[in-house]
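Number of protein chains: 2
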Amino acid sequence: MKNIFSAKTASPPAGADMEFANGASGTVRAVIDAVLPCVDGGRFPVKRVVGEPVRVRAHCFTDGHDVLRVQLCWRAHDQAGFREVPMKPLGNDVWEARFSPPSMGRYVYTAVAWVDPFESWRSEMTRRVDPDDVRIAAQVGALEIAAAAARAEGADRVALQRWATELDAVAASPASDVVSLKALALDEEYAELARRHPDRRHAVRHPVELPLVADRERARFSTWYELFPRSASPVPGAHGTFRDVEARLPAIAAMGFDVLYFPPIHPIGREQRKGPNNALEAGPGDVGSPWAIGAAEGGHKSILPALGSAEDFRRLLDRAAAHGLEIALDIAFQCAPDHPYVKAHPDWFRWRPDGSVQYAENPPKKYQDIYPFNFECEDWRGLWAELKSVLDHWIGEGVRIFRVDNPHTKAFPFWEWAIGEVKRAHPDVIFLAEAFTRPKVMHRLAKLGFSQSYTYFTWRNTKKELQEYFTELSSGPGIDYFRPNVWPNTPDILHEQFHAGEPAVFMSRLVLAATLAANYGIYGPAYELCEHLPRGPGSEEYLDSEKYQLRHWNHDDPASLAPFIARVNRIRRENPALHWDRSLRFLHIDNDQLLAYAKESPDGSNVIVTVVNLDPHNTQSGWLGLEPASVGVAAGASFQMHDLLSGQRFIWQGDWHYVRLDPHSVPAHIFVVRRRHGDERDFDYFL
Amino acid sequence: MKNIFSAKTASPPAGADMEFANGASGTVRAVIDAVLPCVDGGRFPVKRVVGEPVRVRAHCFTDGHDVLRVQLCWRAHDQAGFREVPMKPLGNDVWEARFSPPSMGRYVYTAVAWVDPFESWRSEMTRRVDPDDVRIAAQVGALEIAAAAARAEGADRVALQRWATELDAVAASPASDVVSLKALALDEEYAELARRHPDRRHAVRHPVELPLVADRERARFSTWYELFPRSASPVPGAHGTFRDVEARLPAIAAMGFDVLYFPPIHPIGREQRKGPNNALEAGPGDVGSPWAIGAAEGGHKSILPALGSAEDFRRLLDRAAAHGLEIALDIAFQCAPDHPYVKAHPDWFRWRPDGSVQYAENPPKKYQDIYPFNFECEDWRGLWAELKSVLDHWIGEGVRIFRVDNPHTKAFPFWEWAIGEVKRAHPDVIFLAEAFTRPKVMHRLAKLGFSQSYTYFTWRNTKKELQEYFTELSSGPGIDYFRPNVWPNTPDILHEQFHAGEPAVFMSRLVLAATLAANYGIYGPAYELCEHLPRGPGSEEYLDSEKYQLRHWNHDDPASLAPFIARVNRIRRENPALHWDRSLRFLHIDNDQLLAYAKESPDGSNVIVTVVNLDPHNTQSGWLGLEPASVGVAAGASFQMHDLLSGQRFIWQGDWHYVRLDPHSVPAHIFVVRRRHGDERDFDYFL
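Chains D and V, in that order, are what the protein sequence lines are. Reading the first sequence from the start, the letters are residues 16 to 702 in our numbering. Reading the second sequence from the start, the letters are residues 16 to 702 in our numbering.
Please note that the accuracy of each hint is not assured.
[What the hints assert, rightly or not] Label pairs and their computed distance ranges (CB to CB):
1) D:Arg211 - V:Glu393: 24 to 34 Å
2) V:Ser404 - D:Arg177: 44 to 54 Å
3) V:Asp93 - D:Thr141: 30 to 40 Å
4) V:Asp93 - D:Arg177: 32 to 42 Å
[Stated by the list, open to error] Here are the simulated lysine to aspartate or glutamate pairs, EDC-like style, with alpha carbons at most 16 Å apart:
5) V:Lys455 - D:Glu139
6) V:Lys197 - V:Glu181
7) V:Lys380 - D:Asp48
Keep in mind the hints are simulated off the structure, nothing from the lab. None of these values were measured; they are calculated from a predicted model. Cβ atoms here follow ideal geometry from the backbone N, Cα and C, with glycine treated the same way.
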């Protein structure tokens, strides 16, 4: 009998010749239909955070009414043996267990299941009532117990043998009492002993070992601040330096950020350099775009001399760390026409018959000052190795976070290889993908290894858009591999919502970003100071953008949002509910300008309810639906809603609650739910 | 550099050593993220019907802005080479193509994609405006075309060489006109020629060949009638025979059925035989349960002598076929205590210490007259081979449809093996799984190979229950492998809805079954004659069930629903919309006792709208939402709703339509939508 399935078919089924996958026999009756979470059948790893319990579910069953045992198997990818955790049935043939990755790195997990003769017998025994049935069943059980004894050793073996002998003797004695016979058969202590020595000859193991990456916590919860070091000088018109950035560190840390991200810090090309506002011609004093990387002074491993030395950079990393800030670098794999690579490796670029290279484009944007690499070139291995050595160089300097520019315009296999290699040696490295492109492409990059991903948040503005998008982000299949990092603005994107410059818009978008997503960031100085003028009507580009020129920021402006940002980030830091994306749920509120949602910490102890007025012009009010039971409060009991933004406290009771927000003061509430403690003899006390 | 992934991980990723799956290199930039439909990553086949177009979608993209070409690859499982069909982009990185399996059997399909340099160049060329850019691009194109010429032969090669030479020459000539240069570069006829010789060196093939089973049409669309041949005698009290069944064939065919299904027709055990109403003791004249298979006269390959001979059975098959009816047999793999297997193969049963075998149970049901097989026995290979030979025996007799009794109490690997083997030799065989059990188990059986599956329809009675359940059946992942066969009643299940005996309930449940599902059936004589008395209050068992005794049915009863059933089945047969499950959509109607839904044929030409009054006591009315555009009628145009049950015709216009149903006449409409043809000078004419 020939196997009817193609050899290439995903997984061989029960063989036509009665030979089965894994060398199992036809007597393997346990079925594992699925093990979850699972990304593309195990092709890509699930992402979690070190120490965080990973909840694994297996869909397992067997024919008939026999009883299964199911174990979760997990190990670090480079360890030999699996550790096993018993899985518990949740009903509907779903079994669950958890494991916590003890350290950063890559893991695999799967499940094993078997029809357990001892448990099957025990389950049947509990149902037996008829005295003859009980006696026969006890005799059958004695055989199972004796078999378990044969599998055991030492004291276990002796105990099980004793139990088997006694059970058989009592069952055989016509004088014995059936009630005590059944009690002996169902003895829980003995059963626990028998369970330690199961008959696993017919166990089935799920054929796929599902991969998982355990990152450090910052991959899941981070607060980013972007600035251009060259604009950090306190002196208007002077080129900023790393030393100038050092002076800003206390203020940035005080605002509650933990990642400080710089656009590229490398020498900037002189050929085709851009002038202010993306002008095609640069004047003699123009500084050019930091993304036009490379000039005579060096390329991706060098530092623009005007910013400082390698020594200055390392010192900055240290000072930042002292303030709880990590420096994230920009990785833009592309070259200015005068990058040293262009001369040293002309074969890495695609030359046209006229001896030119077509400049980079990300339609409709044109980067006349940038050459793209040709990832298909003959020497792709040499190119890849060199690009990875750029990452290695900065890791060597102490950098552990990279924001990758336009990864979707570079070959996908490169990222999987490069990120995989880097994280094998340095599992603490975090990669943020700056790919504003089609959904499947963004998801693929996340699957390939990017720790975090930019999102469409900037263009999701109405209640309906925000609800749909964040429901997808927090509950879609991406939840296992796509970690959103949401930005109200970037140096590339000044959404038209901001063009009128209303502080209410800056505040509401900040609150949305900070409370809807566990990872968020702002392009800082421009945001705190409500920079809002576009280069032209309808443009998403900033007027006089720092991308092409130095800017000077007045951090002493009394209108600065810095204190507001600091308050929001402090609320984030202090409330674990806001450290995860998964628990987000939108609440009903009968006003299309009010958006309300709840998040809770994994243990349910911390619940945050955010309400945002999306209308920057008018006070909006409405009735918000929040059932007390859904936030851990008994129905009918009152609870306190403590607005951490304003400090106000409200007592709520019942299911519907009146909310009113004036955009001219603060357009949002960030409530923490405080449940009542104590009793009627005490003063009310809410925790 | 060592591969960081475990060898057992589902599919090796881009290799850490820069070596890639499939021997591909890092220059493979096309990505195939998914190929659909796909059941469990290709572990199980998708089910379709021979000749029916299979719509395959692939999620494909590449980095940057280059252009992909994607091909669907398909072949019969035992053929060597793939046939390829170009896939077209639908947007959002989804590509689609179709193929139609030309004959019954097993197929595989997958997709191949590559970044196409010629198409990428052509796409870029269309965007070029600047004369210098056009000239340079034309020269680049000439190189691509020359490369295509080198891959071609004969006339194609000559033509492509001519094109390349001309394009290059025109591009190089400063005197040439840029408009005509661009026209030459974008010449569509030449392009078609170049497309025939693509550069597929960097093509990627989806690593899984996805399996598909092409059944005959009856697997997707069938109308079942169940009867007990032993009750077919026209003489009350006499044991019916196959000859008696022959006499019933014209009436059953006239009712519009195409499958006639019999409970087991084998000798019935005498040991532990059951009496009427499941009595534990049988009297001397009692006939026993047909599912207690096997006695001295023979077992699963034998026929109960009282029904007739093997010759009579073959004759019945022929006569039935002449009436357009196929006989379906019951496969119940279990034995009466006096089945010949019990003596010949005692090792196939699980003997207890007291020398007894525990009878079969499907809690809470007890089958004291039945021994289950032990699928885990030492001689499982012998047992399996013998059971498969039972199928082979009846196939040899001409049977091609089997209804399998309680398949979920037999080992799952057995079914995958046995059904796979049978269908390899006889792809026209259809298996119906009678598994009323938990959802994941029912789905697994369908995945393993059962062509159709019993459902929970019997217990889905309210509007909400029906909408939820049939939405799941027609749109959930099961749509690719789980074909529902819905039954309002079976000899085992008389739902309490029927206990009052109202004809309106029998009619409405029949209409629901017949129009919600492409496969349905009834336990016939009891249904036509509105048999409705349960064995006891709240019982789902029939009083005086045919399972344990002979019954006599008065087919001349003027209250028989036979004419109604015939009308419903004729509507089914004549309207292709009802031959598929996939197009079902529920319509809004503002009355919880009225259920409304639409189905359409794959080409959209046939649209059926069914409205059912679920209340057997009261006339119910409501407004039904049906937008004309959703049934192919222009907004504002009127259309005719022709009720095929009553013959009445209604003219509808606009989105909301009044419906009223009196359960005391007919509790349902089955409308066919007739669109207006002709114009204002004609009489209205609807097709």
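Checked hints:
1. D:Arg211 - V:Glu393: 24 to 34 Å: 27 Å, holds
2. V:Ser404 - D:Arg177: 44 to 54 Å: 47 Å, holds
3. V:Asp93 - D:Thr141: 30 to 40 Å: Violated, at about 51 Å.
4. V:Asp93 - D:Arg177: 32 to 42 Å: Since the Cβ atoms of V:Asp93 and D:Arg177 sit about 59 Å apart, the hinted range of 32 to 42 Å is violated.
5. V:Lys455 - D:Glu139: 23 Å, violated
6. V:Lys197 - V:Glu181: 12 Å, holds
7. V:Lys380 - D:Asp48: Violated - the C-alpha atoms of D:Asp48 and V:Lys380 are around 27 Å apart, more than 16 Å.
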